[in-house]
Amino acid sequence: MRVSTNYEYQLYTADIDNTTSAYTQAQQVVSTGKQINQASDNPGGTMSALTMTALQSQISQFNSNLSTAKDYLSNNEASMTSITNLLNQAYQIGVQGANSTTSSAALNNLASQISDIQSSLVNVGNTQNSTGQCIFAGQQTDTQPFSAANGTLTYSGDSNNISVEVSPGQKMTVNQPGNPLFTDIYNQLESLKTDLQSGSFSKISNTDIANIKSSIANVSDLNGQFGAQIDTVTNLTTANTARSTNLTASISNVVDADMATAIVNMTQAQNAYQAALESTAQASKYSLVDFLS
Amino acid sequence: MPSLSSGYNIMNTALQGFQTALDVTGNNIANVNTAGYTRETVNFGESDPTTFYGTSPYQIGSGVTIQSISQIRSVLLDSSMNNAQSGLGQYQQLANSLSSVQGLFPEPNSGGISDALSGFFNAFSSLAASPSSASAQLAVQQAASTLTDRVQSTYAGLQQQAEQTSSQMTSTFNQIDQLTSSIASLNTQIATQTAEGGSPNSLLDTRAQDLQQLSGLVDIQTSTNPNGSVNVYTNGLNLVGVNGATKFPQTNTPGTLTFTSGSTSVSIQGGALAGLAQAASKISSYEGQLDTLANNLTTQVNAVYSTGKTAKGATGQDFFQASNPPGGAAGFQLTAAIAANSGAILSGTSGNAGDGAMAQSIANLNTTSISALGSQSFSTYYTNFIGGVGTDVQNATNSSSTQTAVVSQIQAQQQSISGVNIDEEMTNMLQYQHGYESAAKALSVIDTSTEDLIQSIQ
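These protein sequence lines map, in sequence, to chains A and B. For the first sequence, position 5 (counting from the first letter as 1) is numbered 5 according to my numbering, and the numbering increases by one without interruption. Offset between the second sequence (1-based) and my numbering: plus 1000.
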């Protein structure tokens, strides 16, 4: 084919342009580490990356909810442990008071210890979590649920549950309404206190101590239940983290470049670019003009 | 019997002829880098012979004449080139316009509407887990305003692109009108020179260049008249005719490649103008999809949010600013009450501080399929939208590369026929130079012979 001089140079320019563009693209893949830098690089890949990113974001939200749930449950568990300790103290006091040889002064002393235990119980009942919500108030989380006056405990919370979505469609109840749990125990302690003050030994040993024992068992059950829920939360968190890690890997497979391949591609593109430059420098060396005198 | 002077005359025509040929060769060399230049050659012809009457009549040639200086051009390739330029102009323009539109969407990287949607629904999920918590309320307010800001600014970006496309269209109309009037005036000059028997090569080159440039803007068809002028049509509309140029109709019917002006209407098929019209229609469809997203977010979220109850028992509040007709992406914003005070954000349906039921229902909208979005969830709808934008850019870019290859293929053929090759011109120059030298030598021989004759007479 006849080649015009101008076209010869146009071809050189086109070759250099094309190889430069290929080299720049290969370089961008290496420097960003991504094979999809914009949607048009791979529309299908972009869509699956977006879908997976949205899913991953949802999973990380579940983990955030799980940590909120764990905060509630840990506070519940710690509160149950405190109540168990208080009840154990009350039990010891009851056992001492059931002894008919105890002096009335000593009985009064014991009764005042029970009174202290009651105040501690009210404090536990008004526990707030890390975000300042009253955890034993049902859904009335913004008000202190318990106040005691003249031996009567008033509950201003409600019996509603607070539930947190911990996985798609799965909700976990994370609160324990303080009534009747706290009010029952408070009343048992109140009865023990009154019986100590009046020296009703048989009532202490037959009724009060037995009631406190049953409450200890009851609180211990609740404690176990919260512990089990915390285990569930931990397991779900671990599973979500694993799922999120898998998704990160999958997203990376779609979006990120395989570095070894990317570098090989870049080297190839670089060689092609170099070859285009060298051939341009070589090819235009000769012309008939050089041989005319 | 030939006269003594006829030898001088013959050699004179030879010297003049070779001189002209050297000039044409020189002109070819001079224009080796001129865009659109078509190489020229000298067509020599024998001059009319003189008849002499001896014992029988005989003829002796009277030298050489230059019959024409012609261009080496393929009209067929010119027309293929024009077609290819229309395709290239169209897809290059579309790819350029859509690529800059794509720049408005950072996906698959972070920082786009896609992230903002996830963030918005996640914030409500957090609020559901910690109802009435001030920090969760603040997080909802922030995530929601990030979402509205991103939707609004993306939409504003699309509007800018639409305006830019429209102003590019206006300047394209002007370019088309300039080119057609230039072609019309070239037509007149070419017709005049052709009628005088000349070959207006440089005018033909300029007109071919103009036609090629015009093809890049809008697809054209041409026909050549016997007087050398060309008629230019685009899809049945006469742009340049015997009476000169007609202005291109400047009103684009949105979503089509149809342009009208009064009762004149034309549907074009190629060129940068077609690319611009296609880009405009894509941009308007993207705007429509963002509007749909924003309007549905407003109605769906508000429908759930209005079930939220304040501590005083009031319901029926809006979260996003509702308006009639719907405000679309441009009017997508929080209500003034929520924008002013994150503490006013409700979370439950009972008014209890610890009730997160309503917030949970909004969080659940994330995965709910919405019938107005073609039974897709918000995030799926947006993901498909981004996929659509990417596919549009990819298709336009691929078509543009294909057309570039077609154009360079035709250019190779065109250059092969019409382009100047320096080595070839140098060879021609040697040939004409030797011719000139020989003619000069012959003249000197004739001169010497004549002088000898004159000497002998003295």
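Honestly, I wouldn't trust all of these hints.
One-sided and incomplete, this derived list gives chain A residues near chain B with beta-carbon spacing under 8 Å [unchecked claim]:
1. Thr234
2. Arg243
3. Leu288
Computed footprint of chain B on chain A; a stretch qualifies when at least three of its residues, placed anywhere within it, have a C-beta under 8 Å from a C-beta of chain B [unchecked claim]:
4. 22-29
5. 32-46
6. 49-57
7. 130-137
FYI, nobody ran anything at the bench for these hints, they're computed from the structure. Computed from a predicted model, the values in this text were never measured in an experiment. Note that beta-carbon positions come from the ideal geometry of N, C-alpha and C, so glycine has one too.
For each hint, the structure was consulted:
no., hint, verdict
1, Thr234, "violated, 17 Å"
2, Arg243, "violated, 16 Å"
3, Leu288, "holds, 4 Å"
4, 22-29, "violated (count 0)"
5, 32-46, "holds (count 11)"
6, 49-57, "holds (count 6)"
7, 130-137, "holds (count 4)"
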